[in-house]
Structure formats: C-alpha cells, structure tokens
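With the hints as constraints, model all of the structure from the sequences given.
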Amino acid sequence: MQSMEAGSQGDLDAFDRHVGADGKVEPQDWMPAAYAKTLVRQISQHAHSEIIGMQPEGNWISRAPSLRRKVILMAKVQDEAGHGLYLYSAAETLGVSRDELEQQLLDGTAKYSSIFNYPTLTWADVGAIGWLVDGAAIVNQIPICRCSYGPYARAMVRICKEESFHQRQGFELMMALSKGTDAQKRMAQDALNRWWWPSVMMFGPPDGESVHSMQNMAWRIKLFSNDELRQKFIDMTVKQAEALGLTIPDPDLRFDEASGHWQVGEIDWDEFWSVVKGHGPCNRQRLAHRRDAHEAGAWVREAAVAFAAKERARSARKAA
Amino acid sequence: MATDQTWPLFEVFIRSKKGLSHVHAGSLHAADAKMALENARDVYTRRGEGSSIWVVPSAEITASAPADKGELYDPADNKVYRHPTFYKVPDDVEFI
Ligand SMILES: [Fe+2]
Ligand SMILES: [Fe+2]
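Residue numbers (the working numbering), protein chains in the order written: chain A, 3 to 322; chain B, 37 to 132.
For the record, the hints were derived by calculation from the structure and aren't laboratory data. Wrong hints could be hidden among the right ones.
[Unchecked claim] Pairs of lysine-lysine residues, derived as DSBU-like cross-links and limited to a Cα-Cα distance of at most 35 Å, are as follows:
id, chain 1, residue 1, chain 2, residue 2
1, B, 70, A, 113
2, A, 26, B, 54
3, A, 234, A, 187
4, B, 53, A, 163
5, A, 163, B, 70
6, A, 163, B, 124
7, A, 113, A, 234
8, A, 113, A, 72
9, A, 312, B, 70
10, B, 70, A, 72
11, B, 105, B, 53
12, B, 53, B, 70
13, B, 115, A, 39
14, A, 39, B, 70
15, A, 26, B, 105
16, A, 241, A, 279
17, A, 72, B, 54
18, A, 187, A, 279
19, A, 181, A, 163
20, A, 234, A, 181
21, B, 105, B, 124
22, A, 163, B, 54
23, A, 72, A, 234
24, A, 320, B, 70
25, A, 39, A, 26
26, B, 105, A, 39
27, A, 187, A, 163
28, A, 113, A, 39
29, A, 113, A, 163
30, A, 234, A, 26
31, A, 72, B, 53
32, B, 105, B, 115
33, A, 241, B, 53
34, A, 163, A, 241
35, A, 163, A, 39
36, A, 113, A, 241
37, B, 53, A, 26
[Claimed, not checked] Just so you have them, the derived chain A footprint on chain B, three or more residues with Cβ under 8 Å:
id, segment
38, 113-120
39, 123-132
Beta carbons: idealized from backbone N, C-alpha and C, even for Gly.
Dropping the structure here:
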C-alpha cells in the first residue's frame with residue numbers, strides 16, 4: 003500500500019490538484035493517509051448499513067401477503083447483501099481485511115445507518131422502507147457514483163442501478179395499500195408517520211454540525227452537503243406522498259415560494275443522536291442478531307476451508 | 037489479520053454477452069475457485085449481466101506499478117508515425 007508512505011507537501015498538493023480537477027484515484031496510487039482512512043470508515047459504514055439493513059425487511063419475508071410480494075422482498079433483501087459485498091470489496095482495496103471490518107461491526111465499534119434501528123411493525127413498513135429509506139439512499143448515493151475513489155464509485159454505480167427497483171416496489175406497495183380498504187390506508191399512513199422523520203435524518207446532522215464535511219468535499223468523497231441532499235429528498239417525496247393520497251406528518255411543512263423548495267418543521271436532532279449513540283428501539287437487537295448469525299455460520303466457514311484444502315491435496319496427489 | 041481460516045480473495049471478470057471481452061466486475065472471498073465461481077454468479081450476475089465468468093485469485097495477478105508509468109508508456113509517446121493521422125493524403129482522395 004503506497005498510501006502508507008507519508009508523502010511530501012508536494013505530493014499532497016499534487017493530490018489535491020488532481021482530485022480537485024475531478025481526477026480519479028485508484029488503489030495503487032499514492033494517497034494521503036487521512037484520505038484512505040476516511041474512505042475506509044465511510045465505505046465500511048456503508049457496507050455495514052447494507053448488511054444490518056437486511057434485518058428490518060427480512061423480518062417480513064415469511065409474512066408477505068402474497069407470493070408476488072414474497073419473491074420481490076426476497077430479491078430486494080438479497081440485493082442488499084450484494085451491496086454490502088460490493089462495498090466491503092471496495093474498502094478492502096485500501097488495505098484493510100474483511101475480518102477486521104466484520105469484527106468492528108460485531109464488537110460495536112463501527113457505525114451503520116441509524117435508520118435500521120427502527121422496528122418494522124406492520125406490512126406497510128416494508129413499503130415505507132422501499133419508498134422512503136431506499137429513496138433517501140438513492141439521493142445520497144447517486145452523487146457518489148462520481149466520487150474520486152475509483153473502486154467506491156464503481157461499486158456505487160452497480161448499487162444505484164439496483165436501488166431504483168427497491169424504491170419503486172416500495173412505492174407500488176404503498177400505492178396498493180393507500181388505494182385499499184380504510185384499514186389498509188390507515189396502515190400506510192401510520193407507516194409514513196413513523197418513517198418520515200427518521201428518513202429525513204438519514205442525511206446526517208445539519209451542515210453546521212457535520213464534522214468531516216469540508217475536507218471530504220475537497221477530496222470529492224462527498225459532493226453535496228447533508229442539507230442539500232436532504233432538501234432534494236424532501237422536495238421529491240412531498241409530491242410522491244400527494245400522489246399516494248397520504249399526509250406527511252409535519253404540521254409546519256410549507257412550500258417556500260422564494261426558494262422554490264418545501265420547508266419542513268423542526269427536526270428532532272436529540273432523537274437522532276440518541277439512536278446514533280445506541281439508544282434506538284432496536285440497536286441491541288440488530289447487533290445481537292448479526293453476532294448470532296456470524297457465530298452460527300462459523301462451522302460452515304471452517305468446513306469450506308477444510309474441504310478446499312482436502313480437494314487441493316487430492317488434485318495434487320492425482321497430478322503426482 | 038488474515039488467518040488460515042480466512043477465505044482468499046478472488047477477482048471476478050464477466051463477459052456480458054458473446055462478442056465482448058470479459059471485464060473486471062469486482063472481487064469476493066471464497067474457500068476455493070469453484071465456490072468463487074458460484075458466489076460470483078450470485079453476487080455479480082443477478083440480472084443477466086453475464087454469459088461467462090472468470091475468477092482469478094487476487095494474489096496471482098501481477099500488476100504494473102503507477103510509479104513505473106513513465107518507463108512503461110513513454111516510449112510510445114514519440115512514435116506518432118504509428119497513428120494514421122501522421123500521414124498527409126489529398127482531400128479529394130476517398131476511402132483512405
Ligand atoms: Fe442497498
Ligand atoms: Fe436498497
């Protein structure tokens with residue numbers, strides 16, 4: 003790994019110029035240690051979010067109301083596993099091992115998106131997640147397709163292609179409920195009520211409080227600020243909610259003629275920080291589930307290694 | 037932190053359809069090449085992205101170093117006569 007070498011001021015300046023001019027960085031190129039470190043943190047957090055994100059929806063696979071909905075949900079959850087794998091691979095190009103990253107998730111030292119610490123109480127939550135959570139993820143991820151680090155950008159292109167199915171199936175599910183019986187419509191509205199604010203908070207703290215933003219924007223790891231992305235999400239989602247005939251749970255929501263944007267009421271950042279710090283409704287359950295799955299799978303991983311060694315020995319004997 | 041229990045890394049190359057080259061798609065861990073191939077199908081071709089897959093142990097790839105870029109590619113830079121635009125042909129001569 004060349005990035006481990008300290009590099010001179012000249013190297014740093016040349017790197018900043020290259021990246022500033024929208025140049026790309028590939029794994030073997032020299033890069034500042036802080037750039038590599040930031041990327042490892044960001045990409046692995048993103049990977050962890052995909053993996054933990056399988057749980058809230060996975061809970062509903064066995065209870066999907068029709069075979070059609072069941073195969074859709076299985077395909078979506080499988081995609082999220084794939085997203086996690088693309089991203090872990092991208093992080094590994096920076097010299098960290100998969101084991102290290104996995105360990106950080108299991109021992110709770112790594113973060114993942116707080117949205118997945120909320121429970122999925124009804125079937126409508128599956129629709130709300132696809133529509134809102136995947137919708138917010140798309141807004142966040144599309145710019146990253148153009149980020150400076152090649153492997154991350156390429157993983158993101160693949161992910162974004164798949165996300166649009168996720169968002170559309172969620173919207174369609176919400177549409178079916180909101181055009182259904184009164185009880186179904188109430189269920190859809192209730193899901194929107196519970197998922198709206200956590201989705202709005204998915205873009206992270208307001209720009210003034212976002213610690214790494216400036217440097218990450220200079221390095222083109224981040225292309226738009228949290229608040230810019232959040233606004234984009236709000237504007238597009240307000241119209242979609244209207245199409246569904248559902249009400250966004252915000253009495254202060256209003257269209258601002260001057261800016262041409264929808265303005266939301268006050269966001270409860272105390273709730274956001276409390277969930278980030280581990281006090282959300284499902285933080286402990288999510289991690290415990292991941293740990294159990296990891297431990298329960300240990301014998302499979304070991305058996306595969308033993309089997310591969312045996313096969314190698316067998317073919318070596320045959321060749322001799 | 038790689039141990040004997042760690043599955044090695046494989047690079048995955050996919051031919052999207054006949055007539056095109058295999059292109060690098062990404063990488064994955066697997067206990068052996070056979071498993072790498074099966075996993076590559078699930079991870080990288082869930083929507084008919086491939087008609088053929090290669091998996092190669094990452095450790096078996098020899099790559100040029102960015103620092104050698106000059107040495108490797110400079111000699112080609114001053115051989116402009118290798119390009120068709122180097123040659124002057126009258127405008128009214130066609131199909132050349
Ligand atoms: Fe995803
Ligand atoms: Fe998704």
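Structure-based check of all given hints:
no., hint, in the structure
1, B:70 x A:113, "holds (34 Å)"
2, A:26 x B:54, "holds (30 Å)"
3, A:234 x A:187, "holds (26 Å)"
4, B:53 x A:163, "holds (19 Å)"
5, A:163 x B:70, "holds (28 Å)"
6, A:163 x B:124, "violated (46 Å)"
7, A:113 x A:234, "holds (25 Å)"
8, A:113 x A:72, "holds (30 Å)"
9, A:312 x B:70, "holds (14 Å)"
10, B:70 x A:72, "holds (30 Å)"
11, B:105 x B:53, "holds (32 Å)"
12, B:53 x B:70, "holds (22 Å)"
13, B:115 x A:39, "violated (41 Å)"
14, A:39 x B:70, "holds (34 Å)"
15, A:26 x B:105, "holds (16 Å)"
16, A:241 x A:279, "holds (33 Å)"
17, A:72 x B:54, "holds (33 Å)"
18, A:187 x A:279, "holds (34 Å)"
19, A:181 x A:163, "holds (28 Å)"
20, A:234 x A:181, "holds (27 Å)"
21, B:105 x B:124, "holds (31 Å)"
22, A:163 x B:54, "holds (22 Å)"
23, A:72 x A:234, "holds (31 Å)"
24, A:320 x B:70, "holds (18 Å)"
25, A:39 x A:26, "holds (17 Å)"
26, B:105 x A:39, "holds (26 Å)"
27, A:187 x A:163, "holds (30 Å)"
28, A:113 x A:39, "holds (15 Å)"
29, A:113 x A:163, "holds (25 Å)"
30, A:234 x A:26, "holds (26 Å)"
31, A:72 x B:53, "holds (30 Å)"
32, B:105 x B:115, "holds (17 Å)"
33, A:241 x B:53, "violated (40 Å)"
34, A:163 x A:241, "holds (23 Å)"
35, A:163 x A:39, "holds (27 Å)"
36, A:113 x A:241, "holds (32 Å)"
37, B:53 x A:26, "holds (28 Å)"
38, 113-120, "violated (count 0)"
39, 123-132, "violated (count 0)"
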